[in-house]
Amino acid sequence: MQTLNSTSLKTDQLINRDPFLVIEDVSKIYPTPNGPYIVLDGINLTVHEGEFVCLIGHSGCGKSTLLDMVSGFRQPTEGEVRLQTKRITEPGPERMVVFQNYSLLPWMSAFENVYVGLDSVWPDKSKAEKTAIAREHLALVGLTEAANKKPKELSGGMKQRVSIARALALRPQVLILDEPFGALDPITREELQEELLKIWQAHQVTVLMITHDIDEALFLGDRLVMMTNGPAATIGEIMNIPFARPRDRTRIMEDPAYYDLRNYALDFLYRRCGHVDE
Amino acid sequence: MTTQLERRYKAKNKNNIGKVIQKQSKKIVPPLIAIALFLLIWQILCSSPDSNLPSPIKTFQDTWDPLIIDPFFDNGGTDKGLALQILASLGRVAIGFSLAAIVGIAVGIVVGSNNFIYNAVDPIFQVLRTVPPLAWLPISLAALRDANPSAIFVIFITSIWPIIINTTVGVQQIPQDYRNVAKVLRLRGAKYFFKILFPASVPYIFTGLRIGIGLSWLAIVAAEMLVGGVGIGFFIWDAWNSSSLSEIILALVYVGIVGLLLDRLVAFIASKVVPE
Numbered sequence: 010m011q012t013l014n015s016t017s018l019k020t021d022q023l024i025n026r027d028p029f030l031v032i033e034d035v036s037k038i039y040p041t042p043n044g045p046y047i048v049l050d051g052i053n054l055t056v057h058e059g060e061f062v063c064l065i066g067h068s069g070c071g072k073s074t075l076l077d078m079v080s081g082f083r084q085p086t087e088g089e090v091r092l093q094t095k096r097i098t099e100p101g102p103e104r105m106v107v108f109q110n111y112s113l114l115p116w117m118s119a120f121e122n123v124y125v126g127l128d129s130v131w132p133d134k135s136k137a138e139k140t141a142i143a144r145e146h147l148a149l150v151g152l153t154e155a156a157n158k159k160p161k162e163l164s165g166g167m168k169q170r171v172s173i174a175r176a177l178a179l180r181p182q183v184l185i186l187d188e189p190f191g192a193l194d195p196i197t198r199e200e201l202q203e204e205l206l207k208i209w210q211a212h213q214v215t216v217l218m219i220t221h222d223i224d225e226a227l228f229l230g231d232r233l234v235m236m237t238n239g240p241a242a243t244i245g246e247i248m249n250i251p252f253a254r255p256r257d258r259t260r261i262m263e264d265p266a267y268y269d270l271r272n273y274a275l276d277f278l279y280r281r282c283g284h285v286d287e
Numbered sequence: 047m048t049t050q051l052e053r054r055y056k057a058k059n060k061n062n063i064g065k066v067i068q069k070q071s072k073k074i075v076p077p078l079i080a081i082a083l084f085l086l087i088w089q090i091l092c093s094s095p096d097s098n099l100p101s102p103i104k105t106f107q108d109t110w111d112p113l114i115i116d117p118f119f120d121n122g123g124t125d126k127g128l129a130l131q132i133l134a135s136l137g138r139v140a141i142g143f144s145l146a147a148i149v150g151i152a153v154g155i156v157v158g159s160n161n162f163i164y165n166a167v168d169p170i171f172q173v174l175r176t177v178p179p180l181a182w183l184p185i186s187l188a189a190l191r192d193a194n195p196s197a198i199f200v201i202f203i204t205s206i207w208p209i210i211i212n213t214t215v216g217v218q219q220i221p222q223d224y225r226n227v228a229k230v231l232r233l234r235g236a237k238y239f240f241k242i243l244f245p246a247s248v249p250y251i252f253t254g255l256r257i258g259i260g261l262s263w264l265a266i267v268a269a270e271m272l273v274g275g276v277g278i279g280f281f282i283w284d285a286w287n288s289s290s291l292s293e294i295i296l297a298l299v300y301v302g303i304v305g306l307l308l309d310r311l312v313a314f315i316a317s318k319v320v321p322e
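Just so you know, the sequences run in chain order L and Y.
Reminder that position 34 of the first sequence reads as 43 in the numbering used here, one-by-one numbering, no gaps.
Reminder that position 153 of the second sequence reads as 199 in the numbering used here, one-by-one numbering, no gaps.
I should point out that these hints are in silico values taken from the structure, not numbers from a laboratory.
Heads up, a few of these hints could be off.
Rough simulated footprint, nothing fancy, chain Y against chain L, three-plus residues with beta-carbon under 8 Å [claimed, not checked]:
hint, stretch
1, 102-112
2, 124-131
For lysine-lysine, the following BS3-like pairs were computed, each having C-alpha atoms within a straight-line distance of at most 25 Å [what the hints assert, rightly or not]:
hint, chain 1, residue 1, chain 2, residue 2
3, Y, K237, L, K139
4, L, K134, Y, K229
5, L, K158, L, K139
Here's a subset of chain Y near chain L, in silico, CB distances under 10 Å, partners left out [said to hold, decoys possible]:
hint, residue
6, N226
7, R232
8, K241
9, P245
10, A246
11, V299
Fair warning: this is a prediction, and the values are worked out from it, not measured in the lab.
Built from N, CA and C at the ideal position, the CB exists for glycine as well.
Make the full structure from the sequences, and use the hints.
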C-alpha cells in the first residue's frame, strides 16, 4: 500500500513535471518447488527527471530485485518499467549501474575501465574524443593521478570513484546505485556522498539509490522510498525530504525537521516493519 | 660528504647482494646434498660387477664420448647426437601442441559459452580424455599412413583434453559481475571476447596449457619408441636394443630436464600474459 503524506503531495504538485521513469504494478514471482514465491507485489513508483530517489528496507525485501528490473537485468513477472514511455527489456548504457562491489575489470587500469565503456557505446567517436571524455570523468572524481593504476592498487573509495566515473562518462539518463558506499569506511563514505551530490547537480542525472543508512538517504535524496518486509514486499511509504539544495551536512543536522524525518523513518523500519523473530 | 654517502650506499648494496646469495643458497644447497646422496646410494647399490644396472660413474664413463661431449654429431640415419634427437622430438611436440592449443582453446570457449553444447559434449570429452596416449597410435597410423604425422597426432590428441576442459571451466566461471558490466556497457562479439572473456579465463587456459605440455612430452617419448625415426624416444628404444643401458639413463636425465624446462617455459609465458 502506498500512502503519501501531506508534504509529498504538495511538492508533487509543485514539481508538476512529466513522469520520467515509471514503475507500474510491478510484481516479481519466482516459481519454487513449494509453489510460487512472491518477492515483490504491486510496486508503483514514478520518478521525475533529475530526481534523487533513495530506497531503504530490510535485507531480503527485494530492493535489489526492484533496481535490477530498472537496470534490465531482470524482467518483472507482472507490470512494467518504462523510461520515457519506452519499456525496459534489457540492460543498457542509458541506465548505468554502480555496483556495491565496484565490478571493475581487474586487468584494466582505471582509465581503461572508463574507456572500455565509451568505446563500446560510442564506436563512432574518435579515439581522441573518447580519451578526453574518460580523462574528464576521472578528473571529476579526483582520480587524474591514479588513472593508470590497476584496481588492486586502488583503495575501496577510489575503486568506487572509478565505477562512478565509468557510469557517468556514458551520460546515462538514470544512475542506479546499489548500496554504493556500504563497504567504505565512514569518512570516505561522507566524502563520496558529497561528491556524488555535486556530480548529480552538475550532470542533472536521475538517481535511484539503495541504502541502509537513513542519514545518507536524508542527506542525498529528494524522496525516500521505504519498503515493507518480504516476501511480497511493496512500497510502505514514500517520505519527502524537503531540505534546500545545495545541502550542507551540518546545517541539515541542525534542522529540527531532520530528527522528525529520521525518527519517522526509524519508526517505520524498526517498529512497523521490524523483523519478527520466528 | 657525498663520497661518504656513496661509500655507505655501496656497502649497503654489497650487503644486499650477500643476503641474496645467502637466501638463494638455502634453495640450492639442500637439493645438491639430496642429489649427492642419491648418486652415492645408487653407486653403492650398483657397484658390484654382476649388477644389472650401471652405476653413475660407469654411466658417465660409457656416455662421455661422444654423447655428452658432442651433442650435435651427425653420422647420418638415426645415429645423431642427443641434442639433435631432442630437437627432433621438440619439433614434433611444437607442432602437435600448438595445434592442440589453437583447437583446444577455440573449442573450450565455444563449449564454455553455451550450456547446451557443454551438456552435449562434456560426457564425450570426459571419456576420451582418459584414453592413454598410445592407444590412439594405431588409429592415427591407420588414418594417416605415415609415422611422423601419427606421432604428431598423438601429441595433439593427448594434450588437447586438458586444454579444452580448463578453457571451458575458465569461461564458465567468469564472475557474474563482469558479465553484468558487459551487459550494461553493451560489450558484444569481438569486444566482449577480448575485453572480458579472454582476460577473465586466461589463468584457466594457461593451467590447461601447462598440463597439456607436460602430457605431450610424456606421450612423445612413448610414441617415438613405436614409430621410430630420429627422436629421443626412438633413441632410448634403440639403446635398449643394443643393450647400452648407460645411454638410456643419460637420455632419461635429458628427457626429465627438457620436460621441466617446457613446464617452466609455459609457466613463464603465463606469468607475463596472465593479469594479476
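Hints, verified against the model:
1. 102-112: Check passed, 7 qualifying residues.
2. 124-131: Coverage by chain Y holds here, the residue count being 5 at a Cβ distance below 8 Å.
3. K237/Y with K139/L: Within the cut-off at roughly 16 Å; holds.
4. K134/L with K229/Y: 20 Å, holds
5. K158/L with K139/L: 19 Å, holds
6. N226: Since chain L brings a Cβ to about 6 Å from N226/Y, closer than 10 Å, the hint holds.
7. R232: 6 Å, holds
8. K241: 6 Å, holds
9. P245: 4 Å, holds
10. A246: Holds, because the Cβ-Cβ distance from A246/Y to chain L comes to roughly 8 Å (cut-off 10 Å).
11. V299: 40 Å, violated
Hint 11 from the list above is the single one not met by this structure.
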